[in-house]
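A.B. asks: Sequence:
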Amino acid sequence: MSAASSPPAPHSRPPLTVYLAAPRGFCAGVDRAIQIVELALAKYGAPVYVRHEIVHNRFVVDSLRAKGAVFVEELDDIPETDQPVIFSAHGVAKSVPSAAKARNMFVLDATCPLVFKVHIEAARHYEEGLQILLIGHAGHPEVVGTMGQLPDGAVTLIETAADAERFVPRDAEKLAFVTQTTLSVDDTAAIVGVLRRRFPSIVGPHKEDICYATTNRQAAVKAIAPKIGCLLVVGSPQSSNSLRLVEVAERAGCPTARLIEGARDIPWRDIEGLGSVGVTAGASAPETLVEEVIDAFRDRFDVKLETVTTALERIAFNVPRELRPNSAA
1 MSAASSPPAP
11 HSRPPLTVYL
21 AAPRGFCAGV
31 DRAIQIVELA
41 LAKYGAPVYV
51 RHEIVHNRFV
61 VDSLRAKGAV
71 FVEELDDIPE
81 TDQPVIFSAH
91 GVAKSVPSAA
101 KARNMFVLDA
111 TCPLVFKVHI
121 EAARHYEEGL
131 QILLIGHAGH
141 PEVVGTMGQL
151 PDGAVTLIET
161 AADAERFVPR
171 DAEKLAFVTQ
181 TTLSVDDTAA
191 IVGVLRRRFP
201 SIVGPHKEDI
211 CYATTNRQAA
221 VKAIAPKIGC
231 LLVVGSPQSS
241 NSLRLVEVAE
251 RAGCPTARLI
261 EGARDIPWRD
271 IEGLGSVGVT
281 AGASAPETLV
291 EEVIDAFRDR
301 FDVKLETVTT
311 ALERIAFNVP
321 RELRPNSAA
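Using our numbering, the final residue of the sequence shown is 329, and nothing's skipped along the way.
I should point out that these hints are in silico values taken from the structure, not numbers from a laboratory. Incorrect hints may have been included.
Claimed, not checked - Only pairs whose alpha carbons sit at most 27 Å apart, straight line, appear in this in silico BS3-like list of lysine-lysine:
| no. | residue 1 | residue 2 |
| --- | --- | --- |
| 1 | 174 | 207 |
| 2 | 117 | 67 |
| 3 | 227 | 304 |
| 4 | 174 | 117 |
These numbers come from a predicted model, not from an experiment.
Can you build the whole structure from these sequences, using the hints too?
C.D. replies: Given below as structure tokens:
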């Protein structure tokens with residue numbers, strides 16, 4: 001091990017203030033999705049099949065796989081079975097439950113209720129004859145699921161403010177927008193601003209569809225960014241909300257922001273010589289990974305922990321009826 005990466009002797013550990021952003025980590029939708037898999041395994045036994053990663057976090061997925069969950073990308077990858085088939089928290093296109101029904105699959109839907117709310121909004125706008133714009137990132141499972149609620153061509157994806165400037169509607173008086181739930185609050189506000197300027201009659205949610213947890217985690221990062229020399233975001237490279245936290249930190253004036261999956265990924269060279277760092281976690285990252293990062297800091301530094309709380313979260317979502325206590329098997 002090189003001197004640069006070796007922990008210093010206890011008597012020579014430099015001081016380091018670690019600012020913990022709060023809220024951080026699991027949101028209610030992720031909590032619910034993981035509970036659904038765990039409760040299904042407890043009630044029905046292994047295997048339980050899960051279409052796509054239940055949430056975008058390798059630690060969570062590996063933990064559930066070890067308990068008997070089998071993760072697949074498509075229903076075609078699942079053999080004929082009476083065992084539960086679970087849809088991920090990101091939601092699915094309408095064709096997926098239709099295909100599951102055709103195979104008489106026992107489905108448990110872990111779609112986040114806030115994502116499902118966006119699906120309902122999009123369907124309502126379509127029934128009202130409005131052209132629908134979806135603000136989101138191409139290829140993200142949530143975007144694929146939302147666009148798949150309606151016929152091909154019914155939803156136009158808007159990824160940037162430039163897209164909003166270029167968009168040519170069929171009828172400027174018959175427009176509506178919905179958004180992916182895990183976007184940058186500021187980027188989305190800029191896109192919505194362009195749409196409202198160009199199309200004053202456009203219909204949108206009273207509050208943009210970005211979920212409470214995404215909004216709260218970004219606000220907490222903004223609060224600690226001016227205090228720190230480096231922010232570590234614990235999360236997966238596939239996690240949209242985690243990637244957005246890195247961007248938010250950089251825009252809020254944090255000199256360095258890094259996405260890490262766990263303590264093994266800590267960029268020690270970026271932290272050398274700093275007096276303060278920040279730590280947060282994406283909505284799919286468990287607190288145990290944050291604790292491991294703090295322990296790694298304590299191995300090298302004389303750590304002072306400070307939690308910066310910008311919101312309190314008390315939201316919880318019910319699991320499907322089949323998994324509630326006293327429900328029939």
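A.B. asks: Hint by hint, note whether the structure agrees.
C.D. replies: Do the hints match the structure? See the list:
no., hint, verdict
1, 174 to 207, "holds (20 Å)"
2, 117 to 67, "violated (31 Å)"
3, 227 to 304, "holds (14 Å)"
4, 174 to 117, "holds (21 Å)"
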